[in-house]
Amino acid sequence: MSKITTKKIAIYGKGGIGKSTTTSNISAALVEAGYKVMQFGCDPKSDSTNTLRNGEYIPSVLELMRENRRVDAHQAIFRGFGGVYCVEAGGPQPGVGCAGRGIISAVQLLKQQGIFEELELDYVIFDVLGDVVCGGFAVPIREGIADHVFTVSSADFMAIYAANNLFRGILSYSNSGGALLGGVIANSINTPFHREILDDFVHRTKTQIMEYIPRSLTVTQAELQGKTTIEAAPQSAQAAIYRRLATRIAAHTESTIPSPLSSSELRIWSSGWAAQLIESERALLSKEAETVEAAYGN
Amino acid sequence: MAINLKSSIVENREQRLGTIIRWEGSAAQLVQDSAFTYGGQVDCGCTGKRLCEENSPFTQASMCAECITATQAILVQGAALIQHSPIGCASSQAFTCRYYRDLSVQRGWKVEDPHSLCTNLTEDDMVFGGVAKLERTIRDAWTRHHPKVIFIATSCATGIIGDDVDSVAQRLEKELGVKVIPLFCEGFRAKHWSTGWDVIEHGILRQLVNKNPGKKQEDLINVIHLGGPDVFTPLLSQLGLRINLVMGGNDLDKLSALSEASATVTMCSVLSYLAAGLEREYGVPEVKATLPYGIQATDEWLREIARITHREDRVEAVIASEHAKLEAPLKKVRKALAGKKGFVAAGAAFAHGLMADLRELGVEVDGAYSFHHDPTYDSNDPRMDMLAYVVNKYGDIPNYTVSNDQQFQAYAALQRSKPDFTLSRHGGNMALLTARLGIPTVPIFYSNDGLGYQGLLTIGNSVLRVLPRKTFLDDIAAHSSFPYKQWWLDQTDPYALTKLMEREVDADPVCQ
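These protein sequence lines map, in sequence, to chains A and B. Residue numbers for the first sequence follow our numbering, beginning at 1 and rising by one. Residue numbers for the second sequence follow our numbering, beginning at 1 and rising by one.
You may find that some hints are simply not true.
Residues from chain A that keep clear of chain B, each with C-beta distances beyond 12 Å, as calculated [to be verified]: (1) Gly18; (2) Ser172; (3) His252.
Once the Cα atoms are required to be at most 30 Å apart in a straight line, the calculated DSS-like pairs of lysine-lysine come out as [said to hold, decoys possible]: (4) A:Lys7 / B:Lys174; (5) B:Lys331 / B:Lys341; (6) A:Lys36 / B:Lys191; (7) B:Lys6 / B:Lys148; (8) A:Lys45 / A:Lys7; (9) B:Lys191 / A:Lys7; (10) B:Lys335 / B:Lys393; (11) B:Lys393 / B:Lys325; (12) B:Lys216 / B:Lys148; (13) B:Lys393 / B:Lys340; (14) B:Lys6 / A:Lys7; (15) B:Lys191 / A:Lys45; (16) B:Lys340 / B:Lys6; (17) B:Lys216 / B:Lys6; (18) B:Lys110 / B:Lys6.
Don't read these hints as lab results, they were simulated from the structure. Beta carbons are placed, not taken as given, at the ideal position from N, Cα and C, and that holds for glycine.
Taking the hints into account, I'd like the entire structure generated from these sequences.
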């Protein structure tokens with residue numbers, strides 16, 4: 001029986017927002033700091049852990065369950081950068097079956113076989129596809145799977161909608177022992193304006209920003225090599241940001257119940273910001289136009 | 001990590017035990033392949049091969065784990081059952097109602113209808129989630145019946161949409177102050193219905209067994225059985241043991257006391273998850289011996305119980321006196337059955353027991369039909385391999401069919417064996433089939449009939465009672481027809497269709 005208390009974390013966010021990139025860098029930074037970490041990809045694409053394993057795909061739990069009569073969960077666990085344990089839940093091909101049920105089956109298999117306790121992990125990080133669209137995708141925030149939930153979001157409104165939906169999911173499970181919200185990881189933040197939008201969102205929904213991560217070419221270059229930024233560019237400024245984020249997540253203990261905006265509140269809130277956005281873009285454009293006029297004269 | 005009580009969901013049989021539902025060959029081969037593949041059982045030497053499961057292109061009938069779980073839950077006295085499912089799953093309740101009332105009469109309980117409710121999930125609930133309806137139904141169950149325990153049986157539908165049944169159960173358990181036990185018995189999770197036993201036994205282990213047993217009751221022995229009258233007290237009371245008879249109808253006190261007993265014995269090893277769990281979680285030793293079918297097996301079973309419960313000084317006298325009681329009537333039954341051929345159709349370990357009984361009675365058994373096969377059990381102890389025992393003691397059964405009760409396959413197996421009579425469990429299907437083939441049958445519902453020394457006489461006399469019906473059944477057969485083509489009517493191999501299919505398409509057996 002494990003003496004160590006495993007801290008279980010789930011990271012959600014809209015598709016394509018940089019969840020797997022962020023999660024893998026957090027995992028890499030935590031193993032670098034000497035922790036025992038498992039990254040559990042909950043996405044049918046099964047590519048959450050690629051950058052921890054030089055761009056390599058690993059067989060998913062559901063693939064093993066389909067091919068074998070009996071599955072020893074150890075067969076689904078692979079080691080990656082710095083000894084990090086990598087697991088991919090896997091799932092059906094696009095357009096068939098039920099990906100949500102896939103997550104339930106895969107997580108159950110590891111849970112039933114007592115893997116999380118057996119490996120004496122310090123951290124299990126679930127990297128969960130997209131939004132809490134159905135019961136299956138809510139599994140990691142239900143009791144006993146994750147303790148803390150973080151969401152990756154850019155200042156893009158669609159990403160914020162997805163984060164707000166996640167908050168609703170957390171709220172509905174919060175009185176039955178489900179995981180609570182740790183905070184928002186602000187991704188692709190390159191202007192103060194982006195920052196303001198997200199700051200306002202977390203203020204209204206009573207949560208916090210864990211870190212502001214700028215969009216960076218270093219990340220793209222590292223990913224093209226099949227590596228995390230921590231591995232490929234350990235000395236870069238971007239790596240330092242990921243390390244700071246990992247340290248904050250490691251130190252984080254108290255999660256809270258968020259106050260998601262209702263659909264209409266969200267609409268009013270985003271249109272308010274959209275008006276400002278248009279205003280500032282317009283100002284920018286007319287300034288450009290003036291510059292152009294000045295340059296050509298008449 | 002086969003038994004993990006931290007998870008509310010039981011690991012299914014295929015995963016834990018390698019259970020299969022389709023196989024054809026000799027019993028000796030099945031024993032060898034099972035041992036070769038899973039070890040732990042009898043020493044297979046080096047001649048075994050991987051256990052492979054046949055394919056089948058066609059299914060004529062089956063059963064569901066949910067039905068087993070729901071039935072066993074409702075048989076707990078004072079319970080209310082909620083089937084969290086579309087209403088179709090509740091069609092099984094017509095059967096369980098009859099079962100419960102019948103059992104109530106046998107056990108001297110108040111005769112009433114069982115307290116069964118269904119959340120009646122519809123399209124809307126599938127889309128928007130059924131948890132709110134479940135909560136309402138739990139409250140309804142409480143207001144209407146004030147049950148001592150509320151079971152929730154999940155369904156395929158709720159499994160797919162991922163309804164968070166655990167949380168509702170935990171919350172309402174606290175609020176109502178009554179045990180609320182979720183049973184995750186989605187039919188799709190296992191190919192064989194016997195998984196339903198594991199699910200209910202898992203729920204009992206997690207929530208109904210007394211977790212702080214304190215002082216053990218030295219003279220109490222748990223007997224886990226499929227159901228039926230207590231044939232154990234007459235035998236085991238001679239050793240100074242009291243019986244805590246569970247499954248197939250219990251009350252909560254008995255289930256709570258499971259952890260206080262000095263040992264657990266399971267009468268059909270298919271149900272041995274509970275015994276293995278009691279040993280692992282509560283230190284109650286499981287009696288690991290062959291099932292008490294036939295004289296020698298019963299002797300050994302009694303000796304093992306005596307050893308575990310420290311009653312070795314008394315056991316030989318009990319065995320001697322039982323042998324003496326049995327001798328004369330057994331001689332008579334054996335004589336009456338001389339030259340007869342029997343056929344057994346039942347579920348795995350229970351089938352093995354009935355085969356031992358018939359062989360012990362001197363009846364020829366060259367064919368048998370088992371509803372599934374467990375290559376090992378949760379204890380992984382070779383002494384519990386009853387099929388190996390039967391083969392070693394009484395000789396091979398050349399035609400041993402594993403089939404999840406597919407009537408067309410049973411038809412072929414019976415054509416091949418041409419028995420004088422059959423012993424069958426789940427009598428509905430088999431009794432009708434055998435009658436239409438002109439074969440007398442003993443349908444066994446309460447499954448303790450063949451157990452122990454007296455069981456030999458009970459089974460022998462039941463067979464003698466049905467044999468004279470031959471003329472009547474021949475008449476029925478003469479007026480019966482089957483919906484099969486002539487080609488199938490001529491088959492004597494239950495897997496002939498599979499073999500034909502293997503030639504035509506790629507449908508090799510699945511090896512473990």
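Right, here's what the structure says about each hint:
1. Gly18: Holds, because the least Cβ-Cβ distance between Gly18 of chain A and chain B comes to about 26 Å, which exceeds 12 Å.
2. Ser172: Violated: least Cβ distance 9 Å, not greater than 12 Å.
3. His252: holds (24 Å)
4. A:Lys7 / B:Lys174: The hint holds at about 27 Å.
5. B:Lys331 / B:Lys341: holds (18 Å)
6. A:Lys36 / B:Lys191: violated (37 Å)
7. B:Lys6 / B:Lys148: Holds - the C-alpha atoms of Lys148 of chain B and Lys6 of chain B are around 23 Å apart, at most 30 Å.
8. A:Lys45 / A:Lys7: Roughly 25 Å between the alpha carbons, so the hint for Lys45 of chain A and Lys7 of chain A holds.
9. B:Lys191 / A:Lys7: violated (36 Å)
10. B:Lys335 / B:Lys393: Roughly 21 Å separates the two Cα atoms, so the pair holds.
11. B:Lys393 / B:Lys325: Answer holds: Lys393 of chain B to Lys325 of chain B is near 23 Å, not above 30 Å.
12. B:Lys216 / B:Lys148: holds (25 Å)
13. B:Lys393 / B:Lys340: holds (19 Å)
14. B:Lys6 / A:Lys7: Answer holds: Lys6 of chain B to Lys7 of chain A is near 17 Å, not above 30 Å.
15. B:Lys191 / A:Lys45: holds (28 Å)
16. B:Lys340 / B:Lys6: violated (52 Å)
17. B:Lys216 / B:Lys6: holds (24 Å)
18. B:Lys110 / B:Lys6: violated (36 Å)
Checked against the numbered hints given earlier, the structure breaks hints 2, 6, 9, 16, 18 and satisfies all the rest.
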